[in-house]
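Enquirer: Those sequence lines, one after another, are chains A and B.
For the first sequence, numbering that gives the first Met the number 0 assigns the number 0 to the initial residue and increments by one for each residue that follows.
For the second sequence, numbering that gives the first Met the number 0 assigns the number 0 to the initial residue and increments by one for each residue that follows.
These aren't lab readings, by the way, just hints derived from the structure by calculation.
Watch out, some of these pointers could steer you wrong.
As the list makes no split between identical chains, a pair holds if one copy fits it or if it spans any two.
To be verified - Below, simulated DSS-like cross-link-like pairs (lysine-lysine); rule was C-alpha separation at most 30 Å, straight line: (1) 294 x 34; (2) 276 x 236; (3) 197 x 102; (4) 256 x 102; (5) 276 x 256; (6) 256 x 139; (7) 276 x 197.
Number of protein chains: 2
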Amino acid sequence: MNEENPSITDRQAPSFHLGLVQARAGSSASASLEKAISGIEAAARSGAQIICLQELFIHPYFCQSHDPQHFDLAESIPGPTTETLSQLARKLEVVLVVPLFEKREGEQYHNSACVIDADGEILGLYRKMHIPEDPQFHEKFYFTPGDLGFQVFQTRYAKVGVLICWDQWFPEASRATALLGAEVLFYPTAIGWLPEEKDEYGEGQKRSWEAVQLGHAVSNQVYLAAVNRTGFEASEKGGIEFWGSSFVCDPTGKILKQASETEEEVIVVEASREVLKEQRRTWPFYRDRRVDAYKGLLHHMGEDR
Amino acid sequence: MNEENPSITDRQAPSFHLGLVQARAGSSASASLEKAISGIEAAARSGAQIICLQELFIHPYFCQSHDPQHFDLAESIPGPTTETLSQLARKLEVVLVVPLFEKREGEQYHNSACVIDADGEILGLYRKMHIPEDPQFHEKFYFTPGDLGFQVFQTRYAKVGVLICWDQWFPEASRATALLGAEVLFYPTAIGWLPEEKDEYGEGQKRSWEAVQLGHAVSNQVYLAAVNRTGFEASEKGGIEFWGSSFVCDPTGKILKQASETEEEVIVVEASREVLKEQRRTWPFYRDRRVDAYKGLLHHMGEDR
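Full structure from sequences and hints, please.
Expert: Written out as structure tokens, the structure is:
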């Protein structure tokens with residue numbers, strides 16, 4: 000490492016190491032935070048340099064019901080959680096992707112992720128752009144759609160793109176982020192099965208979730224890390240069985256490591272800049288984009304062009 | 000079937016049947032055409048209603064070398080091949096997707112696909128938008144990039160999108176076509192291994208090819224049919240081993256049927272409108288697109304916005 004300017008040297012390192020912390024919701028916010036800290040420390044001990052927590056990691060998935068009381072769970076950014084985790088990032092010299100329920104002015108709230116650099120500084124914020132509203136996933140009730148657009152964060156170790164859960168279904172999101180230079184896309188996530196439909200749809204749902212993200216990694220020639228929660232969270236309507244299975248894949252769509260469906264796990268995976276470069280030179284997709292011909296993407300289906 | 004207006008009735012049918020003809024290049028253009036006709040007849044006998052041939056099906060993959068003589072292989076559309084196949088389409092009452100080396104005015108050429116409706120009428124043309132130029136895939140030498148944009152064809156049996164081979168790597172292409180209302184995307188293709196790199200890269204290349212297309216099916220909630228050639232075609236530089244493996248997948252990213260790597264095969268698969276509807280209602284991705292936020296897609300990486 001270059002002592003005087005470690006960041007530049009590290010950005011040119013032949014590889015960088017991704018850490019994923021997959022957990023059950025804790026019994027309280029402080030319990031969840033403690034669990035996250037343990038996971039981050041474990042990932043760092045295993046060599047992780049950029050560590051991502053799951054979506055809304057500090058709470059149970061409260062969007063199962065419409066309850067205005069839940070807005071009390073939100074916090075400002077910066078705020079107490081980012082302060083604690085900034086100190087940890089600085090101490091461990093790791094980059095952190097911290098998904099939070101963000102409180103903004105005027106009773107506006109976002110489903111966000113804060114990126115903290117390895118010196119503890121907040122680099123910026125991604126606010127979830129695509130907001131779902133499905134049975135037991137009532138996010139449109141809670142979250143104002145993101146207003147910061149797609150972003151990339153130049154961290155000490157790599158150029159990092161962050162998208163959140165439902166964003167994963169939108170190739171526009173991964174592409175727009177990759178076009179900003181992302182070397183890796185993180186998807187903090189809270190996806191699971193509704194028990195009543197698992198038998199019929201469960202296999203297809205999980206297959207779709209993996210397939211679409213592997214596709215993003217291939218078409219954008221990036222590493223991709225999906226960080227999902229695990230465990231069953233009950234609700235009046237029956238609850239959600241979060242399916243875990245957090246994974247990292249490479250730009251060929253190969254899953255390099257994947258967590259189990261049901262256990263808390265920390266995954267650490269090396270991402271190679273040589274692989275990125277080789278993939279992009281062998282199949283130079285970015286060379287051949289038809290930027291003259293993509294205006295249709297700015298429209299809805301059935302809309303006059 | 001409604002005798003007076005069969006097309007409207009068929010468009011509302013609960014399903015439509017896709018046919019894929021995977022073949023080796025014939026020893027001559029007429030031999031390839033005969034082979035294609037046999038394949039189409041076999042597919043129709045098995046119930047196929049929309050049948051797709053592989054990319055540049057009437058020739059060996061001549062793009063392995065730069066040879067201006069090869070421009071003599073091109074033909075006009077309409078032309079002799081489409082006339083023959085229009086008659087066949089009318090006789091069998093099938094829709095045909097016919098990939099051709101298209102001759103245009105002024106020594107301009109395209110890698111195109113002509114869509115012929117079940118009454119034998121030419122519905123239109125797709126001209127390959129993304130043109131590769133890789134070792135032994137010298138398409139930029141032969142083909143003017145498509146100037147017709149992305150398109151969908153309302154055939155008797157379904158709304159059909161056509162993209163060609165290298166287009167498969169571009170999520171913009173599948174999305175733009177799906178936004179026009181495609182129920183199925185066809186990808187006539189000529190992809191294979193270079194023998195000298197197969198050991199090192201072959202597995203990853205084929206995995207990427209499948210993964211990216213499964214991803215398109217999931218994110219766009221369409222059926223997807225990739226129709227690849229098979230067989231080894233020699234050239235001075237060592238040749239290409241086309242990997243076959245033509246497949247149809249459903250909107251959950253499940254491969255419903257797949258041909259072998261090495262044999263000529265005809266595949267017929269039923270595509271269900273109920274599945275399309277259910278997938279789109281269960282996970283309403285199209286509802287949540289952020290058309291206000293996709294302008295970055297009209298730029299290259301590193302370009303000022």
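Enquirer: All the hints need checking, so say for each whether the structure fits it.
Expert: Hints, verified against the model:
For the homomeric pair residue 294 and residue 34, neither the shortest alpha-carbon distance inside one copy (45 Å) nor that between copies (39 Å) is at most 30 Å. In the homo-oligomer, the alpha carbons of residue 276 and residue 236 lie at most 30 Å apart only across protomers (25 Å), although the nearest pairing inside one protomer, at 48 Å, exceeds that limit. In this homomeric assembly, residue 197 and residue 102 never come within 30 Å of each other (Cα to Cα): the closest approach is 34 Å inside a single copy and 53 Å across copies. For a Cα distance limit of 30 Å, the shortest separation of residue 256 from residue 102 qualifies neither inside one copy, at 34 Å, nor across copies, at 49 Å.
In this assembly of identical chains, residue 276 and residue 256 lie within 30 Å of each other by CA distance solely inside one copy; the values are 21 Å within and 34 Å between copies. In the homo-oligomer, the alpha carbons of residue 256 and residue 139 never lie at most 30 Å apart, since the shortest distance is 32 Å inside one protomer and 38 Å across protomers. Taking the shortest Cα distances, residue 276 and residue 197 sit within 30 Å of each other only across copies (19 Å), while inside one copy they are farther apart (40 Å).
Comparing the model with each numbered hint stated earlier shows that hints 1, 3, 4 and 6 do not hold.
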